[in-house]
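Those protein sequence lines, which keep their order, are chains F and U. So in the numbering used here, spot 100 of the first sequence is number 100, and the numbers just go up one at a time. So in the numbering used here, spot 112 of the second sequence is number 112, and the numbers just go up one at a time.
Don't read these hints as lab results, they were simulated from the structure. Positions of the beta carbon are idealized from the N, C-alpha and C atoms, including for glycine. Be a bit skeptical, because a hint or two may be false.
Every beta carbon over 10 angstroms from chain F, so not counted as near; a handful from chain U, in silico [unchecked claim]:
#1 Ser48
#2 Ser134
#3 Ser162
Listed next, the stretches of chain F that the computed footprint assigns to chain U, with coverage defined by at least 3 CB atoms under 8 angstroms from CB atoms of chain U [stated by the list, open to error]:
#4 196-206
#5 234-244
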Amino acid sequence: MIFKQGFKKTGGNVTILALLVIAILAATAAHVFRNVFPRYVTTVQSASWQEARLAAEAGVDLAIDALNANVPDPAAALGTGTSVWTTGTYGLNAVSWQSLTPTGDVALLTGGTNPLAFLSGSLSIPTGSGSNGVTVTPAVILDNVNLHLNNATSQASLPTQVDVVVRAVYPNSSDTTNQWFLIRSMGVSGCGTPSRIPVDRMDSDLRRVTLFSGADRPAISGTANWGNAPTISPPYSTRIVEVLVKQVYAPVNAITTVQNMSLGSSAPWLVDSYNSSDPNKSDSTQTGYYPGSGSTKIANEMGANIAATGSGATISANSKTVMGNASTNQGSMSGTSGVQGAVSNNGSQPVPVAKTPPTVSVYTPHTSGAYLANSTSPSSPTYYHVTSNQSLTFSASGTTGKYYTTVIMDSDWGGGAFIPPNVYVTIYIQGNISIGGNTSTNTGSGSSNLASHLLIYGDAPSPTGTNRTFSMNGNPSIAAYFYGPDYAMSLSGNVDWYGAVTAKTYSIGGGGNGGMHFDEALSKIGGVQNFDIASYVEDARQ
Amino acid sequence: MNGRHRKNAAFTLAETTIAMACATFILAALIAGEVTLLRTFDASDRYSASELAAERLTDYLGADLRRAIWVTGSTGGPCVAQLENPSTGARTPFASGSLTFVLGGTNLLITQYGYYQSNDSTNSGYRTAAPLISPDTTKLVYGTTTGGSNALLLVRYKLVYSGTYGSNSLVREEAPTATGSSAYTSRVIAEKVDNILVSLALTGTSNAPRNHPIFTTTAWFVPSYSQRSGVTASAYLATGATGRIVTQDTVMVRMSH
């Protein structure tokens, strides 16, 4: 009995002690969780905030991708001298949005419903001149588009949506060719945690999170949300990105090839750029002429890019000076020590197919070798049909104004052309080109010496499948823009080219004192090729 | 009687002494363990706070750098990067370089094109985008309805001493670009940052047009448990000693010519 009493007392002490230990451990654990959980919430909200920006920028990418897909036909626009965009309802049409397929880390999911239901509006030019000197079209929108991240087949642990609003904006209402786009995109990313404020006020100042339904949240339009509220449950982060994109016209490079490119091996040969429309970047004593290799006027000009655009195409730069960027499309480069700009194997530029000649019902009669340009309309030039190899001498029917002519050449051509400064010539050639000796093609005394005055479009391979070739050797010079994505180009000797080249391949042996001199004034000749972000804003105050 | 005596029997002095010694040893161990636990917890807490602060800092910098047109330090050093000189308006490509933004030494100045109607938080246009205008009918900028372009905005990161915390804090200010002497807004974005160092490097770029430069922002801090007596945090950071915790972000400047 005494033993039992003693045992009971001892047992009571142990229980109290155990409870005390448990209480201490529980208090410690509570203290730890009290401190750790808010930090966990902050970390997750930070991740959500980051994903919201990625989603917003993905929305911008979707819009630019659709814009690219809606370039009607870059090849068809070549030589018009104006933008390829038409007016009215166009661009961002439903087909383009629908055609997006989930092939990347960010893919478009339509929620299993008709994607067209998410789309409304059209980029049509409103009547009137607009305000503040610019004209803004009504908006096209995407509403609550789900995004799959990391190739997930369903939305990841942080569900993400995006709203996109696109408007076309014209800096000058009377110039519909100069078209910009205003893209405003709001990314929404769920946090996946209980609705708690971050551990620190400084975090909530930076990363604003909507904690409860009905709470204020950023509005993509600035005054109200477009379409429906996000279907993601709070808490979620929202971020808005607004960009202005402008059109990038071809040619954007001095040399563009579909396949491999090999630059000159002689020391002075180089690729540089000037601007024939800028007296500060050209020879002011001979308006618009190339100012000469090494001129201080173009010492800092870095517009002479070269690009091998086909998948896996290579560039052998041979340590030659290139005053611009060099890029391949997942290919490789060698000898790039002379490339002054960026070197990248992750470039991707579309090269439209060869342009087919226009259908002409009536050609203007002519004497062999002599061609009179008597049309002042670029859309209805004087048409000539040439069926034999010959040097071309052009003249204008007047001394003032601009005169336009187009030549359809159904033969091989040995080069040679005299083009006065007030004549603009377009040649569609359905044959090979071989220029040798000291032949001057739109260069020399009396000729324009401007590449914008001579556009040469090389035809696709012949029906028999024979590849087209373009060769130059000796000491020839030429001022022209050549576009022939099916032409294998092979040069040797002291070849001086003022303008730009797009070919299937490009190879120059030697090069001597010659070079490829890119004329930046060629911009817009090749139509819209791409879009570039001119302004980027994260609207953090909404 | 014997039983009662046995019942009330006490421990001997030796037993009590031994028991007290054992108890003292156990309690000492427990207290030492608790102290260590608390110190560890406190160190972890500060580690976590420093890491969140570093992450917050790189996030702020990333958001500002994406729209930057000019990045430089305040001590007269070389310009790290430029797109448009805020003083002269000259447009030149970004140049490569690096800047170690030592708290208390060099302020970091980031210039951006203005976007909002007002940068004064008391103004009704503080949260509203400025209208698009075309100053020369060929390009678009954010401006005023009277036709002028928006004023540039200067974002300034600097270190200030906070008496509240008895420590340095990092402050982000938005100010007019003219002098930068009066800030529109000033916000503490990281407190107690004596052990944090930020560096900024411009990499992978060139003078080529349409080439968007890339910044690498790095925030380092030294956890308290890595600091040794007599060696300051800045000494750790300056010498690149081990024990630094690095938070790094890569930011591509979105603005172009």
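Here's how the hints hold up against the structure:
1. Distance check on Ser48 (chain U): its Cβ comes as close as 5 angstroms (rounded) to a Cβ of chain F, failing to clear the 10 angstroms threshold; non-interface status is violated.
2. Under the 10 angstroms C-beta cut-off, the non-interface status given to Ser134 (chain U) relative to chain F is violated; the minimum distance is some 4 angstroms.
3. Here Ser162 (chain U) stays apart from chain F, with its beta-carbon at least about 13 angstroms from theirs, past the 10 angstroms limit.
4. Residue count for the stretch 196-206 of chain F with a Cβ under 8 angstroms from a Cβ of chain U: 6. That meets the three needed, and the coverage hint holds.
5. Counting residues of the stretch 234-244 of chain F whose beta-carbon sits less than 8 angstroms from any beta-carbon of chain U gives 3, enough to reach three: the coverage restraint holds.
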